[in-house]
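Kindly produce the complete structure, drawing on both the sequences and the hints.
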Amino acid sequence: MSAARAKANFEPLIELEMEMGTFLSDWDHCDHLSSFMARMISHNRTDPVRHSNFFSSALNELLEVTFRGGLPEGRIGCTVYRQGPKERVKLTFPCPPSQRQFYREAVSKTREQDAYDRYLDAISNDLAPSREVILLDLAINFEAEISLEEKTSPSITLVVDLPLEGIIS
Amino acid sequence: MSIGALSTPYQAEFDANSQEFSLAGVIRPRTVDEIAASVTALRHAVEGARGVLYINVKRLAQMNNTAFHAFARVVLDACRARSDLRFVVVTSSVVGWTERMFRHLGKIEPQISVEVYDSKFYPGQDFVEDTSFIPILRTQTKMTWRHERTILPRHGMRAGIAMADICCGIGDFAALVRKEFRPARIVALDHSRASLAYARNVAAEFGITDIEYTYGDASEMLLESDQFDLVTCRHSLQIFNQPDVLLKELFRICKPGGRVYITNEKNSHCLGEPRSQSIQWTYEEVAKLFSHFEMDVELGPKSRRYLADAGFEDIRVESFMVSNLDGDPQDFADIIAAWENVYAGEMAVKRGDSPEFIRRFRQGFQDHIFAALHPKGYAGWPIWAASGRKPL
Ligand SMILES: C[S@@+](CC[C@H](N)C(=O)[O-])C[C@H]1O[C@@H](n2cnc3c(N)ncnc32)[C@H](O)[C@@H]1O
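Order-wise, the sequence lines are chains A and B. Quick note on numbering that gives the first Met the number 0: the first sequence kicks off at 0 and runs consecutively. Quick note on numbering that gives the first Met the number 0: the second sequence kicks off at 0 and runs consecutively.
Derived by calculation from the structure, the hints in this document are not laboratory data. Quick caveat, the model's predicted, so the values are computed rather than measured. One thing to keep in mind: the hints can contain errors.
Listed below are the simulated DSS-like cross-link pairs for lysine-lysine, each with C-alpha atoms no more than 30 Å apart in a straight line [claimed, not checked]:
(1) K254(B) to K141(B)
(2) K254(B) to K108(A)
(3) K178(B) to K141(B)
(4) K178(B) to K254(B)
(5) K106(B) to K85(A)
(6) K150(A) to K89(A)
(7) K89(A) to K108(A)
(8) K85(A) to K57(B)
Label-pair ranges, simulated between beta-carbon atoms [what the hints assert, rightly or not]:
(9) R42(B) to Q112(A): 32 to 38 Å
(10) E72(A) to P109(B): 44 to 50 Å
(11) T30(B) to S146(A): 28 to 34 Å
(12) S224(B) to T21(A): 26 to 32 Å
(13) H42(A) to E204(B): 17 to 23 Å
(14) I13(A) to L324(B): 49 to 55 Å
(15) H42(A) to P8(B): 22 to 28 Å
(16) R102(B) to I13(A): 27 to 33 Å
(17) N240(B) to I13(A): 41 to 47 Å
Not close to chain B: a few residues of chain A, all C-beta gaps over 10 Å, as computed [claimed, not checked]:
(18) N43
(19) N52
(20) G68
(21) G69
(22) P71
(23) R81
(24) R103
(25) A105
(26) S107
(27) K108
(28) R110
(29) I133
(30) K150
(31) D160
For each residue, glycine too, the CB sits at the ideal point set by N, CA and C.
See below:
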């Protein structure tokens, strides 16, 4: 299957957008939005309850990453797509030029050979998880494939493919 | 910030007797400060512990990386300071990500291991999750449905409700309810992967896509609180050694004002004519056999007490007799034959019963079948249906 075709097969399931300022006004938005979206998209999975639990875990981490680095300008958008056993989360949020390089590096590190060693090292030594470690967590514990799109400047988009249906059953 | 600042309360508890530190619920703090009290509690637990400290995360529905790192930090530091201490993290097979996340800790410090708590919830688990139960369940539901379809509306069943069938077995009850009563949502939960696979196949064959079959442990469910107008749990309280624990969970997921509906047997009251004595002897022995495996198949008439003790109000109890006159007597006979196979063929053998006992034990089932198929015979299986309302 060609890359273009694989892409075309991702069907949008749910889309959510809000002002960054509103999002940042309450930490609980991460929990509420991830739980809500997880429940909405999981109802027709083989095991909706467990799929929703797993998906909520992953999405919450992504939202928390955005929250922690977030500035109260522009909008945050989150769309979930499905292709067979996989969900794709596209999280778009405003990102100042100074932080772009950070995201580029953090994303590319999830695909490097030493990702697991880095992850263990962080659990072993760091006091709190950095945003980079959270992306590693997604890659390792959720088998996520993570990439970055920078077409929508001043925003960037984290693209995270999660093969949870296969992990659960 | 206090724990209360988190959207959903979580629990962190230490039981010094069992040296078990438990985390449950949803733990998604913004900063470590929000969970500082619990992190300190874990640190104290470690300080006082000898030998093995258990960290129970079976009921941990969600935990973010911030919390994971904070708790992991305490455990890892303890490993470095205390070479005499071991840690066992107890996860559940139901919550997929906990095992994945905690397993890494053992890679860092070999003193930490992860155990997946799974099939051994209670002594009789192996029998009831066995696939040999599938044919029994199927015929049983077919027979009980004739009665329950008229009973259920008196216990809160109606169109448009959200309902959950806990310990759903092969899911046929959920499918029958869906067709007859058209609830808006049905969640069906069981801990037998074989039964769930069967349920999903049957659903797929009939083009049913809106029953949410889920793998779970009825005594520790991932389902959120206060969600369902009606929670049903059929023939299952009686197979748990702690029915009150299960009932508490059913209560929890039920909406205030909603109802929990349970059915249970009193096996010693199974009856038949002719050959009533032999039949009666065998079913009294059935009750004893189950109690040997800590299951109470005499629970039916105790439903009222259990519901009252669990905090329900407006409790309704009724009983019905499934009999050989309900439809095809052969169906009744098939159920008895299946009971004989499992009870005499497996459970009595496991208990170590003598061949003479097993022969006599089997005879009662065969006499029950005889009564069921006899042109003038009567064979009965009594069941108690009960429900209670969760207070508003
Ligand atoms: C006697 S069967 C009743 C099944 C079904 N309600 C019926 O009436 O046909 C008991 C069921 O409880 C399930 N079960 C046992 N332990 C369980 C647990 N801890 N959590 C969820 N289900 C469990 C078994 O797999 C089995 O399907």
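Here is what the structure says about each hint:
1. K254(B) to K141(B): holds, 29 Å
2. K254(B) to K108(A): Since the Cα atoms of K254(B) and K108(A) sit roughly 46 Å apart, the hinted pair is violated (cutoff 30 Å).
3. K178(B) to K141(B): Holds, at roughly 14 Å.
4. K178(B) to K254(B): holds, 23 Å
5. K106(B) to K85(A): holds, 29 Å
6. K150(A) to K89(A): With a Cα-Cα distance of about 13 Å, the restraint between K150(A) and K89(A) holds, given a limit of 30 Å.
7. K89(A) to K108(A): holds, 19 Å
8. K85(A) to K57(B): holds, 26 Å
9. R42(B) to Q112(A): 32 to 38 Å: holds, 36 Å
10. E72(A) to P109(B): 44 to 50 Å: holds, 48 Å
11. T30(B) to S146(A): 28 to 34 Å: At roughly 29 Å between Cβ atoms, S146(A) and T30(B) fall inside 28 to 34 Å, so the hint holds.
12. S224(B) to T21(A): 26 to 32 Å: At roughly 27 Å between Cβ atoms, T21(A) and S224(B) fall inside 26 to 32 Å, so the hint holds.
13. H42(A) to E204(B): 17 to 23 Å: With a Cβ separation near 20 Å, H42(A) and E204(B) satisfy 17 to 23 Å, so the hint holds.
14. I13(A) to L324(B): 49 to 55 Å: holds, 53 Å
15. H42(A) to P8(B): 22 to 28 Å: Holds - the Cβ-Cβ distance for H42(A) and P8(B), about 26 Å, lies within 22 to 28 Å.
16. R102(B) to I13(A): 27 to 33 Å: Distance hint for R102(B), I13(A) holds at roughly 31 Å.
17. N240(B) to I13(A): 41 to 47 Å: With a Cβ separation near 43 Å, N240(B) and I13(A) satisfy 41 to 47 Å, so the hint holds.
18. N43: Given that some Cβ of chain B is not farther than 10 Å from that of N43(A), nearest at about 6 Å, it is violated.
19. N52: violated, 5 Å
20. G68: The claim stands: G68(A) keeps its Cβ more than 10 Å from every Cβ of chain B (closest is about 13 Å).
21. G69: holds, 12 Å
22. P71: The claim stands: P71(A) keeps its Cβ more than 10 Å from every Cβ of chain B (closest is about 16 Å).
23. R81: Per Cβ check, R81(A) is outside 10 Å of chain B; nearest 15 Å; holds.
24. R103: holds, 21 Å
25. A105: Non-interface label stands for A105(A): nearest chain B Cβ at 14 Å, farther than 10 Å.
26. S107: S107(A) clear of chain B: closest Cβ-Cβ about 20 Å, beyond 10 Å.
27. K108: holds, 16 Å
28. R110: With a cut-off of 10 Å, R110(A) remains clear of chain B, as the shortest Cβ separation is near 19 Å.
29. I133: violated, 5 Å
30. K150: holds, 29 Å
31. D160: Given that every Cβ of chain B is farther than 10 Å from that of D160(A), nearest at about 17 Å, it holds.
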